[in-house]
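Below, each chain spelled out in residue letters.
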Amino acid sequence: MLVKNAWYVAAWADELGAAPLGRRICDEAVVLFRDAAGRASALADYCCHRSAPLSAGKVVETGLECGYHGMVYGGDGACVSIPGQVHIPPKARVRNYPLVEKDALLWIWMGHASQADPAQIVDYPFHNDTANWPHKHTMYEIAGSANLMVDNLMDLTHLAYVHTTTIGGNAKAHVEAIMQTTPTETGLKFTRWMLETAPPPTYRKGAPQLADKIDRWQEFEFIAPGAVLQYTGATDAGTGAYDRGIRDGGFQLRIFHGLTPATETTCYYFWSGANGYRQNEPQATLDLYNELEVAFKEDVRIVGLQQARLSEVGEDVLINIVADGARVHMRRVIEKLLAKENAAPVLV
Amino acid sequence: MLVKNAWYVAAWADELGAAPLGRRICDEAVVLFRDAAGRASALADYCCHRSAPLSAGKVVETGLECGYHGMVYGGDGACVSIPGQVHIPPKARVRNYPLVEKDALLWIWMGHASQADPAQIVDYPFHNDTANWPHKHTMYEIAGSANLMVDNLMDLTHLAYVHTTTIGGNAKAHVEAIMQTTPTETGLKFTRWMLETAPPPTYRKGAPQLADKIDRWQEFEFIAPGAVLQYTGATDAGTGAYDRGIRDGGFQLRIFHGLTPATETTCYYFWSGANGYRQNEPQATLDLYNELEVAFKEDVRIVGLQQARLSEVGEDVLINIVADGARVHMRRVIEKLLAKENAAPVLV
Amino acid sequence: MLVKNAWYVAAWADELGAAPLGRRICDEAVVLFRDAAGRASALADYCCHRSAPLSAGKVVETGLECGYHGMVYGGDGACVSIPGQVHIPPKARVRNYPLVEKDALLWIWMGHASQADPAQIVDYPFHNDTANWPHKHTMYEIAGSANLMVDNLMDLTHLAYVHTTTIGGNAKAHVEAIMQTTPTETGLKFTRWMLETAPPPTYRKGAPQLADKIDRWQEFEFIAPGAVLQYTGATDAGTGAYDRGIRDGGFQLRIFHGLTPATETTCYYFWSGANGYRQNEPQATLDLYNELEVAFKEDVRIVGLQQARLSEVGEDVLINIVADGARVHMRRVIEKLLAKENAAPVLV
Numbered sequence: 000m001l002v003k004n005a006w007y008v009a010a011w012a013d014e015l016g017a018a019p020l021g022r023r024i025c026d027e028a029v030v031l032f033r034d035a036a037g038r039a040s041a042l043a044d045y046c047c048h049r050s051a052p053l054s055a056g057k058v059v060e061t062g063l064e065c066g067y068h069g070m071v072y073g074g075d076g077a078c079v080s081i082p083g084q085v086h087i088p089p090k091a092r093v094r095n096y097p098l099v100e101k102d103a104l105l106w107i108w109m110g111h112a113s114q115a116d117p118a119q120i121v122d123y124p125f126h127n128d129t130a131n132w133p134h135k136h137t138m139y140e141i142a143g144s145a146n147l148m149v150d151n152l153m154d155l156t157h158l159a160y161v162h163t164t165t166i167g168g169n170a171k172a173h174v175e176a177i178m179q180t181t182p183t184e185t186g187l188k189f190t191r192w193m194l195e196t197a198p199p200p201t202y203r204k205g206a207p208q209l210a211d212k213i214d215r216w217q218e219f220e221f222i223a224p225g226a227v228l229q230y231t232g233a234t235d236a237g238t239g240a241y242d243r244g245i246r247d248g249g250f251q252l253r254i255f256h257g258l259t260p261a262t263e264t265t266c267y268y269f270w271s272g273a274n275g276y277r278q279n280e281p282q283a284t285l286d287l288y289n290e291l292e293v294a295f296k297e298d299v300r301i302v303g304l305q306q307a308r309l310s311e312v313g314e315d316v317l318i319n320i321v322a323d324g325a326r327v328h329m330r331r332v333i334e335k336l337l338a339k340e341n342a343a344p345v346l347v
Numbered sequence: 000m001l002v003k004n005a006w007y008v009a010a011w012a013d014e015l016g017a018a019p020l021g022r023r024i025c026d027e028a029v030v031l032f033r034d035a036a037g038r039a040s041a042l043a044d045y046c047c048h049r050s051a052p053l054s055a056g057k058v059v060e061t062g063l064e065c066g067y068h069g070m071v072y073g074g075d076g077a078c079v080s081i082p083g084q085v086h087i088p089p090k091a092r093v094r095n096y097p098l099v100e101k102d103a104l105l106w107i108w109m110g111h112a113s114q115a116d117p118a119q120i121v122d123y124p125f126h127n128d129t130a131n132w133p134h135k136h137t138m139y140e141i142a143g144s145a146n147l148m149v150d151n152l153m154d155l156t157h158l159a160y161v162h163t164t165t166i167g168g169n170a171k172a173h174v175e176a177i178m179q180t181t182p183t184e185t186g187l188k189f190t191r192w193m194l195e196t197a198p199p200p201t202y203r204k205g206a207p208q209l210a211d212k213i214d215r216w217q218e219f220e221f222i223a224p225g226a227v228l229q230y231t232g233a234t235d236a237g238t239g240a241y242d243r244g245i246r247d248g249g250f251q252l253r254i255f256h257g258l259t260p261a262t263e264t265t266c267y268y269f270w271s272g273a274n275g276y277r278q279n280e281p282q283a284t285l286d287l288y289n290e291l292e293v294a295f296k297e298d299v300r301i302v303g304l305q306q307a308r309l310s311e312v313g314e315d316v317l318i319n320i321v322a323d324g325a326r327v328h329m330r331r332v333i334e335k336l337l338a339k340e341n342a343a344p345v346l347v
Numbered sequence: 000m001l002v003k004n005a006w007y008v009a010a011w012a013d014e015l016g017a018a019p020l021g022r023r024i025c026d027e028a029v030v031l032f033r034d035a036a037g038r039a040s041a042l043a044d045y046c047c048h049r050s051a052p053l054s055a056g057k058v059v060e061t062g063l064e065c066g067y068h069g070m071v072y073g074g075d076g077a078c079v080s081i082p083g084q085v086h087i088p089p090k091a092r093v094r095n096y097p098l099v100e101k102d103a104l105l106w107i108w109m110g111h112a113s114q115a116d117p118a119q120i121v122d123y124p125f126h127n128d129t130a131n132w133p134h135k136h137t138m139y140e141i142a143g144s145a146n147l148m149v150d151n152l153m154d155l156t157h158l159a160y161v162h163t164t165t166i167g168g169n170a171k172a173h174v175e176a177i178m179q180t181t182p183t184e185t186g187l188k189f190t191r192w193m194l195e196t197a198p199p200p201t202y203r204k205g206a207p208q209l210a211d212k213i214d215r216w217q218e219f220e221f222i223a224p225g226a227v228l229q230y231t232g233a234t235d236a237g238t239g240a241y242d243r244g245i246r247d248g249g250f251q252l253r254i255f256h257g258l259t260p261a262t263e264t265t266c267y268y269f270w271s272g273a274n275g276y277r278q279n280e281p282q283a284t285l286d287l288y289n290e291l292e293v294a295f296k297e298d299v300r301i302v303g304l305q306q307a308r309l310s311e312v313g314e315d316v317l318i319n320i321v322a323d324g325a326r327v328h329m330r331r332v333i334e335k336l337l338a339k340e341n342a343a344p345v346l347v
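Residue numbers (numbering that gives the first Met the number 0), protein chains in the order written: chain A, 0 to 347; chain B, 0 to 347; chain C, 0 to 347.
What the hints contain is simulated information worked out from the structure, not anything from laboratory work. Any given hint could turn out to be false.
When chains are identical, the list treats them as one kind, so a pair holds in a single copy or across two.
Heads up, simulated SDA-like pairs for lysine to any residue below, C-alpha to C-alpha not over 20 Å straight-line [said to hold, decoys possible]:
no. : residue 1 : residue 2
1   : 101       : 229
2   : 90        : 288
3   : 296       : 163
4   : 101       : 11
5   : 335       : 231
6   : 57        : 75
7   : 171       : 83
8   : 57        : 159
9   : 90        : 282
10  : 101       : 136
11  : 204       : 231
12  : 171       : 61
13  : 204       : 276
Just so you know, these numbers come straight off a predicted model, no measurement behind them.
So that you can see chain A by itself, here it is in the shape it has in the complex:
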């Protein structure tokens, strides 16, 4: 079961240029396109004439033209022209999905359009604040469910096993991190502090001035069903980051994680990494991205392996451990959304 009454990232805004873009979202084929004025829309990705994918067509002056027999659709899904035919029957239309461009992202709503409230879209102004948070972003197709990728972010003890060469660090330090979890209206927040610990390789490269012992924080906010906002960093140990809120002068970064279900067992992973320590150096932003990419591809690998096995054995044979606190809470939030949605089914 996938939550449909929700805003998901459909694409990075800059992924969508002059050509239409096909995506599978919540197991539905969707086409994104920008009309002649640059306004982005999302439609069901098939022509209502002979079902050719509209993503194989092209954008023309009046809308999105099917590449087979030339029918053209407006951004609302209504057919606006049929070659050789004056009358356009009312049934000549395909489903339109609410789509909003915000903070460098295209957000799509897969459920009942009447319930789509753009005010509920995650705020991430850092994508626009290139002076303080210059970033670089990408998208991966993952052979695992969106939930498994969110799981991954909710239990950071994996850093010591999966990311030993990048953002990991000492296993004991991770396990003994000071962890505080707070429910929110839309999900949960948690903060982890690892005090007087050695900087992992990525931190060392980003901020060579760091001392051999650092105080390291990780603030995560999960906004159901698919967004995780990360603010993390470190300063020299004992200089006040933990007890006095002094976080300047060390290493700090922000990561946006957007997980969008493609199917029940596959997803898109949209992420950006923002450099909050050497903002005037594009190379530093690029270096950070490259470091994160190595780590995140390690996640992609383990989650793909996990999904394959999980599809076989099922969740019922598994057990929870102490480290699963945030993860279990996160899953409950999603279960509640599903229960609410199923009580009042989406009619489209």
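Given chain A, work out where chains B and C should sit, using these hints.
This is chains B and C only, laid out in the frame that chain A set:
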């Protein structure tokens, strides 16, 4: 549902040499082979001993020998020898399919053998008339149903969208073509005239002497369930092709299209292109073939995309448009054949 | 249906080094690993925390560590440590499969552990007797069932059709071989004699001194469900191999064949070839292996083709022939094992 009581093209005659040839036709595994005398036969493609595919065997003096333990089958499907055994039990046989070699093609009948009448096989003498219609042929495996490929040929408005760089031409001219459709006993015929139109690139290359405005005709005959015969050409505009039947001196070609279901959603596409304008120039025949190949691979691409989406959304969400007249008629002919066949099921 | 109450080869002992090894056996995901002391164990290949495959983990001092969040398992399947947690709940365990290292092989029992008797494991001391039977071994993954591979070995008339260029020889000689089949408690034995026959290419290469006519023997023992032990060779015709038991001085080899179901329609093929004629020449052992490899890959090919077709047409349309005696007996032995196992189902 696939029509089985019908003659389908199983292969080009020259595809079948000394080695047996395996094909999947109407979702059955079939092996074609020529015996020592060159006579072609079609059998179920498995040995009745241990089910090794006979297409992995070889032709010997007495028939088709299984490549595993050496059983040999005659063209009628009866086993003629079992190594180490004198008695051949009557059950030692595999199904034989009626097969006829005609007009450079091998035609197979997948339904009840007693209903197979070779007189019903499509006539296409042009394949033998190399003086007037020198041709070149090929076969593609298509990731779409045979019906979708016939659809493609029944609605030529797609030329302006799919084949812009080859046989397409101006969209408006296609849409405004004079179209006349005539039912036949075995399917339908239609003729399209595009008067005073610019020659598309393929015509221009084939007949450089054509004027800037031509009168262009396309005559199609669909013979259910899988053959489409095409005669098409152009002369300088206003020189009598349309109103006085004068078609000489311009550009004309014939195309044989044979669509054979491999499965419900895949097919073989057998086609030939015959040069009716510079018959003494082998290079002209080759040039025509190369032009058509570019166009037909565009069809292969769009139909594959269409099939993938159609398998997901189904026909019921689709609508017909004005340009679908011939296509809709063609589908009705096939529906009638299926209804007839299902009323008196094929017993084999 | 697969026999589970049986010892199957899980791996060659030397395949399992410091890294864990994942295999699919009887359609279950299994991980093999050696602990710090070198002792091999087999577990279900998923972590009971979040189902990451343990085969993606690594061996540590205390056992097999999951590569995702660091849980460690002992060879008995019990979790011995959970990072960040003192108490190990009793449910923190995965299934252990009995595993025995013997004769260079790792033998696994996929059924009820209480019925696993190591005394029932096939004896093959020749793997340890490197002075008299130096050997080389390998494993193939086969796109056909284990039963089809055993079939292959039970009906050697295929040699004349599948292995014409290696170990085959004259078809008539194979068909006319003197064949004696003897049931055993655990399967069957058969001996084939081909007298006064020409040496096939592999024999000729191995023992160039052989005369142009040889007496050739093949002794096979099938031990259900997956082992076939082969002792084969030849001496110059009429020198007493057949009637007086004099087998020295010619060409002789032993082959171990271990077939282990991966799924119902795929298997692992473990085989070794031992040189019993020029034991002091490593190159002779290697040459033999290379010859056998060519032949066995011919079997892999035909069995893969056979399985694909058999999965489609089923066994019911097939017939038995005279050459099927040993094969049919072998299948009955397996049917009995299955019937016995189903009467008292495996509880795990």
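Taking 20 Å as the upper bound on the Cα-Cα distance, should residue 57 and residue 159 be classified as within, between, both, or neither? between (47 Å within a copy, 13 Å between copies)
Check residue 171 against residue 83 for me: Cα-Cα at most 20 Å, and say if that holds within a copy, between copies, both or neither. Classified as between: cross-chain Cα gap 8 Å, same-chain 72 Å, threshold 20 Å.
Is it within a copy, between copies, both, or neither that the alpha carbon of residue 101 lies no farther than 20 Å from that of residue 229? This pair counts as within: shortest intra-copy Cα distance 18 Å, inter-copy 53 Å.
How would you label the pair residue 101, residue 11 (within, between, both, or neither) given a Cα cut-off of 20 Å? The answer is within: 10 Å in one copy meets 20 Å, while 58 Å across copies does not.
Treating 20 Å as the Cα threshold, decide for residue 101 and residue 136: within, between, both or neither. within (15 Å within a copy, 54 Å between copies)
When Cα atoms must be at most 20 Å apart, do residue 90 and residue 282 count as within-copy, between-copy, both, or neither? neither (53 Å within a copy, 49 Å between copies)
Copy assignment of residue 335 with residue 231, given that the CA separation must stay at most 20 Å: Close neither inside one copy (29 Å) nor across copies (64 Å); limit 20 Å.
Within, between, both or neither, where residue 57 and residue 75 count as close if Cα-Cα is 20 Å or less: within (16 Å within a copy, 53 Å between copies)
20 Å Cα cut-off: does residue 296 pair with residue 163 within a copy, between copies, both or neither? within (13 Å within a copy, 42 Å between copies)
When Cα atoms must be at most 20 Å apart, do residue 204 and residue 231 count as within-copy, between-copy, both, or neither? within (15 Å within a copy, 65 Å between copies)
Measure nothing new, just compare the shortest in-copy and cross-copy C-alpha distances for residue 90 and residue 288 to 20 Å and report within, between, both or neither. Classified as neither: same-chain Cα gap 47 Å, cross-chain 40 Å, threshold 20 Å.
One pair to classify: residue 204 and residue 276, alpha carbons no more than 20 Å apart. Within, between, both, or neither? The answer is within: 12 Å in one copy meets 20 Å, while 63 Å across copies does not.
When the structure is compared with the earlier hints, violations turn up for hints 2, 5, 9 and for no others.
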